[in-house]
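Asks: Numbering (UniProt numbering), first residue to last: 1 to 186.
Among these hints, one or two may not hold up.
[What the hints assert, rightly or not] So the derived label-pair ranges between C-beta atoms look like this: (1) Gly9 - Val40: 24 to 32 Å; (2) Thr110 - Pro42: 32 to 40 Å; (3) Val40 - Gln84: 17 to 25 Å; (4) Asp111 - Leu176: 33 to 41 Å; (5) Pro135 - Pro41: 36 to 44 Å; (6) Ala16 - Asp184: 23 to 31 Å; (7) Asp32 - Asp118: 42 to 50 Å.
[What the hints assert, rightly or not] Below are the DMTMM-like pairs computed for lysine to aspartate or glutamate, each with C-alpha atoms no more than 25 Å apart in a straight line: (8) Lys120 - Glu186; (9) Lys25 - Glu78; (10) Lys161 - Glu186; (11) Lys153 - Glu96; (12) Lys179 - Asp93; (13) Lys153 - Glu171; (14) Lys25 - Glu13.
Bear in mind the hints are in silico, worked out from the structure with no lab data behind them. Even for Gly, the Cβ is constructed at its ideal location relative to N, Cα and C.
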Amino acid sequence: RYFFIQAVGSEGEKLAVSPGKDAFKVKITSLDKEFIRVHVPPPLDRGDGSFLVRYRLYGSAVKGLKVEVLHQGAAVAESPYILQGPVYHEYCDCPESGASLWQSVLRCPTDEPQILSDFKPFPTIDLQHLRQEVPRRFSNRGGLIHYTITDNKVYRRTLGKYTDFKMFSDEMLLSLTRKVRVPDVE
Numbered sequence: 001r002y003f004f005i006q007a008v009g010s011e012g013e014k015l016a017v018s019p020g021k022d023a024f025k026v027k028i029t030s031l032d033k034e035f036i037r038v039h040v041p042p043p044l045d046r047g048d049g050s051f052l053v054r055y056r057l058y059g060s061a062v063k064g065l066k067v068e069v070l071h072q073g074a075a076v077a078e079s080p081y082i083l084q085g086p087v088y089h090e091y092c093d094c095p096e097s098g099a100s101l102w103q104s105v106l107r108c109p110t111d112e113p114q115i116l117s118d119f120k121p122f123p124t125i126d127l128q129h130l131r132q133e134v135p136r137r138f139s140n141r142g143g144l145i146h147y148t149i150t151d152n153k154v155y156r157r158t159l160g161k162y163t164d165f166k167m168f169s170d171e172m173l174l175s176l177t178r179k180v181r182v183p184d185v186e
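Based on the sequences and whatever the hints tell you, model everything.
Replies: Okay, structure coming up:
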């Protein structure tokens with residue numbers, strides 16, 4: 001998981017250059033004082049006045065998390081930030097039962113403009129035809145992975161010589177099915 005910090009000057013204007021790689025320190029703790037190991041490496045200075053803060057939970061926080069962003073030991077902006085719980089660790093197999101509730105909590109858009117734009121040249125897609133044609137045309141000179149999610153379990157069939165990239169899509173789909181019950185889909 002990650003979030004960004006944007007450095008600002010004393011008048012509130014965004015800085016366009018780095019204030020220094022050690023400008024910020026971030027502390028993340030559980031709200032209910034239970035011990036949860038949280039790994040927070042030093043913020044990554046992007047050189048443009050912004051910082052990338054990565055963190056990893058090694059347990060779930062039932063009540064939530066407190067995120068403190070500090071500059072020279074003092075809280076900045078509206079720090080501390082409170083993430084009301086529960087906040088689950090990445091490998092928690094605890095999917096929300098309703099995808100629509102999960103989408104609304106995360107404020108997912110109903111449409112993805114980039115996907116709509118990409119598919120605009122294809123007003124209809126014949127999946128039965130693609131199932132037969134794509135493996136025949138592309139499996140010998142590249143790689144193809146056909147995914148199916150059934151009962152919130154991820155299945156895949158690989159075709160072709162170059163399928164090592166499957167680990168990236170595997171991780172994304174497995175992470176998603178740990179967080180929300182996904183409808184059956186190919």
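Asks: Compare the structure with the hints numbered earlier in the document and write down the numbers of the violated ones, lowest to highest.
Replies: 4, 6
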